[in-house]
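Novice: Letter by letter, the chains look like this.
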Amino acid sequence: MKIEPLNESSLLVSFSDEISEPVLDLIRLFCQQLMRSSARAAIVELVPSYNTVMLVYRLTQTDYDSLHRELQQCYQQAQRQSKQLIRPRVVELPVFYSETTGPDLARISQQTGLSVQDIINRHTQTQYRVYAIGFSPGYPYLASVDSLIAQPRLTAPRKNVPAGSVGIADTQTGIYPKASPGGWNIIGNCPEPLLDSQLSCRLNVGDTVQFVTINEREFVALGGKITVGFNEL
Amino acid sequence: MSFKVINGGLLSTLQDLGRLGHSHTGFSQGGSLDLKAACWANYLLGNSMDCAVIEITLGQLSLQAQQSTVFAVCGANMQMRINERPLQPWRSAVIKAGETLSFGHCRQGMRCYLSVSGGFKLPLQLGSVATVSRDQLGGLNAGAKLQTGDVLPFSPVNINKQHAFTQLCVPATYYQHGYQSTHHSWVNLNVFKGPQWHLFSAKDQQAFLQQHFVLDQQSNRMAAKFNGAPLSSNIKGIVSQGINLGAIQVPPNGLPMALLNDRQTLGGYAKIANLTHQACWKLAQLPPGCHVQFTLADLATEQAKLRQFYRFFGINL
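Protein chains in written order, with our numbering: chain F, 26 to 258; chain Z, 176 to 492.
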């Protein structure tokens, strides 16, 4: 573990060069420890992402050296806890995989030689971990996608990807919480919002996500909307 | 009690200390780019520092007071007038019901901040009114800038009672440097080494600190872009990590860009340096075309300055 200052009131904690579930679990435990510690009141932002945590602190309430000591203690506690097996929370998310909600399914099928059904099966058979949330509010970065259906980002991003779109970028998969431009390969749509009306986020870094296939009727009943022809946008 | 927007100007947005504590779910910080000027504007009225202010970029804003109140403006000089009476920035003043406060062109600097006694009364989203267009959040309407016809409510104020705050001014020593920049200016910006500093070659590190960069026209509240001789390093992307205020990242084109208040929360470009807070505020007042040079600063010295700033204004940061 390495701690380094970024500016007067922020620092970066780097855990490992690799990206792995054990590192993610360690980060999750570290953040939990920190939020239970006396340093909590001095923390403004705590942003975990893959193998780092960025932290912004209140300069009027603490200083770099005291915080540094506290972070090292939290790290040691997290390391001790990580020896026990902890099962992360599993969040099930329904997805309607189809040509209309997933305009890149056909192309991935052509490129990989897998049937559309096989691609869907491979996408739902994997349990994913949330490694980071960002890019836009509530956007989860999930990994790792079955290497047979991993696909590079589109060379030209679409101007408008509908909210709920489920995409693949290399070995990552994710969900667009809101309609936005985007370059991920879209294979389906999740009708359940990732941000509630109070803007709180349904997923946390470290959670496990299980996608569940639903049909068009279920999709519509859950509030899903089909955007006709968005592939051309 | 309100101001009615007669003309929203080029880019006028409601801001405050920012939407803090939500980076981990992807919400941008937002908030006043030049926090120093924004704080002085609230300070002159005896307001709490979390009161919302209007950040006026390059002028042209025009507001009609529906009731009398006390206001203050700090930051770049934009040829301000109440009806036809000219007015200087870095002062508080009274505006009477029916009078119009208008901002002209901005010849030096980029932004000024308008506060009103007791603050603007607006609904908070995730604890802040900060207008962030990329997140469609804050301001009066889902992250939109001020537009003709908008109504900005404020608290009632007894001007006699508030007399102590009606004609205050900030001593010139606090603002004489940093608010006169034009596109010809040469400015120094203090930085710390970034988390990927060591990934850049010695030649690139030297080039970053020794050359003059020119602030690009495409700069905005998300990022300030710099033109110059591109850094040569062939640094591939890094694993995405949280992006701090003032992080200077180097995308594949080799031209550094400094990430400001409306930045996205995560990013995968290597960061060669990080601006100090004061340098971020200074940068907020630099017009495109301005020449800048980055200079390494001492952490403890800058921490002491920032801590003093927060304590002076009573900001819990």
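Since the hints were made in silico from the structure, they are not lab data.
Be a bit skeptical, because a hint or two may be false.
Result set (DMTMM-like, lysine to aspartate or glutamate): computed pairs, CA atoms no more than 20 Å apart in a straight line [claimed, not checked]:
1. 411(Z) to 70(F)
2. 480(Z) to 117(F)
3. 480(Z) to 88(F)
4. 250(F) to 195(F)
5. 411(Z) to 42(F)
Residues of chain F placed beyond 10 Å of chain Z at every Cβ, according to the derived structure [to be verified]:
6. 29
7. 47
8. 83
9. 95
10. 141
11. 184
12. 238
13. 241
14. 242
15. 251
Short derived list, chain Z residues pointing at chain F, Cβ under 7 Å [to be verified]:
16. 363
17. 440
18. 449
19. 474
20. 478
21. 485
22. 489
For every residue, glycine included, the Cβ atom is placed at its ideal position computed from N, Cα and C.
Novice: Against each hint, give a clear statement of whether it holds in the structure.
Specialist: Hint check:
1. 411(Z) to 70(F): violated (27 Å)
2. 480(Z) to 117(F): Measuring from Cα to Cα gives roughly 49 Å; hence the hint is violated.
3. 480(Z) to 88(F): holds (13 Å)
4. 250(F) to 195(F): At roughly 27 Å apart (the allowed maximum being 20 Å), residue 195(F) and residue 250(F) break the hint.
5. 411(Z) to 42(F): holds (15 Å)
6. 29: violated (6 Å)
7. 47: holds (16 Å)
8. 83: violated (5 Å)
9. 95: At about 17 Å from chain Z, residue 95(F) clears the 10 Å cut-off, so the statement holds.
10. 141: holds (30 Å)
11. 184: Given that every Cβ of chain Z is farther than 10 Å from that of residue 184(F), nearest at about 15 Å, it holds.
12. 238: holds (27 Å)
13. 241: Answer for residue 241(F): holds, closest chain Z Cβ roughly 29 Å.
14. 242: holds (31 Å)
15. 251: Since the minimum Cβ distance to chain Z is about 23 Å, residue 251(F) lies beyond 10 Å and the statement holds.
16. 363: violated (17 Å)
17. 440: holds (4 Å)
18. 449: holds (5 Å)
19. 474: holds (6 Å)
20. 478: Holds. Min distance 5 Å.
21. 485: Holds - the Cβ of residue 485(Z) comes within 7 Å of chain F, reaching about 5 Å at its closest.
22. 489: Because about 9 Å separates residue 489(Z) from the closest Cβ in chain F, which is outside the 7 Å limit, the hint is violated.
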